[in-house]
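*Asks:* Each chain, written out:
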Amino acid sequence: NAGVTQTPKFQVLKTGQSMTLQCAQDMNHNSMYWYRQDPGMGLRLIYYSASEGTTDKGEVPNGYNVSRLNKREFSLRLESAAPSQTSVYFCASSEVGGGYSPLHFGNGTRLTVT
Amino acid sequence: SQQGEEDPQALSIQEGENATMNCSYKTSINNLQWYRQNSGRGLVHLILIRSNEREKHSGRLRVTLDTSKKSSSLLITASRAADTASYFCATASNNNDMRFGAGTRLTVKP
Numbered sequence: 365n366a367g368v369t370q371t372p373k374f375q376v377l378k379t380g381q382s383m384t385l386q387c388a389q390d391m392n393h394n395s396m397y398w399y400r401q402d403p404g405m406g407l408r409l410i411y412y413s414a415s416e417g418t419t420d421k422g423e424v425p426n427g428y429n430v431s432r433l434n435k436r437e438f439s440l441r442l443e444s445a446a447p448s449q450t451s452v453y454f455c456a457s458s459e460v461g462g463g464y465s466p467l468h469f470g471n472g473t474r475l476t477v478t
Numbered sequence: 182s183q184q185g186e187e188d189p190q191a192l193s194i195q196e197g198e199n200a201t202m203n204c205s206y207k208t209s210i211n212n213l214q215w216y217r218q219n220s221g222r223g224l225v226h227l228i229l230i231r232s233n234e235r236e237k238h239s240g241r242l243r244v245t246l247d248t249s250k251k252s253s254s255l256l257i258t259a260s261r262a263a264d265t266a267s268y269f270c271a272t273a274s275n276n277n278d279m280r281f282g283a284g285t286r287l288t289v290k291p
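Residue numbers (this note's numbering), protein chains in the order written: chain A, 365 to 478; chain B, 182 to 291.
It cannot be assumed that every hint is accurate.
[Stated by the list, open to error] Facing chain A, from chain B, some residues (calculated, C-beta under 7 Å):
1. Gly223
2. His226
3. Phe269
4. Gly284
If you are wondering where the hints come from, they were derived from the structure by calculation, not from laboratory data. Positions of the beta carbon are idealized from the N, C-alpha and C atoms, including for glycine.
Using the sequences provided together with the hints, build the complete structure.
*Replies:* What follows is the structure, given as structure tokens:
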């Protein structure tokens, strides 16, 4: 099993450009999450999806949109990238939400906005 | 704001010593989880402790939870150089989101 797969691994954008980060899991998990991690900091929740068909805002949703395309896939879109969005983005999934099951993480997308 | 806060921010010990990291949180929780992150990689789940549990063991890991003080600790016994990593606690309340603290950077010197 691949677990949680994120693409791309690296990306450089210019201010104002848009892009979509892709995430897919093959564990039949119900809940999926997008986090960002800035240097020396913990993870901050951007958006999450408790189950297929639902999405909710986390701590830092401004400037982002998400789509839970199906049970496997959860994408994160930056409509107009800003330098403040330079970060490492992690996707995660869990069997159920609410902290009742462990999160499985992808290896991250390193995004630089110039 | 982040739910959990780890303490200390950084910890440096010699191989063979024990490492203790603490986590404090602000609101009532369902469960608390600890994760490990090696440099440049995704987080890996270590242990989950439910809100009605006080202590849990997994190999060289021991986790305690004190819901009255809204705190948890992670003890790594007989540390190894390979334990060098950042460690995070994560909590979820009645909604479904999982929130992480800023982490403790552990360095184990050979």
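*Asks:* None of the hints should be skipped; say for each whether it holds.
*Replies:* How the hints compare with the structure:
1. Gly223: Given a least distance of 3 Å, the restraint on Gly223 (chain B) holds.
2. His226: holds, 4 Å
3. Phe269: holds, 6 Å
4. Gly284: holds, 5 Å
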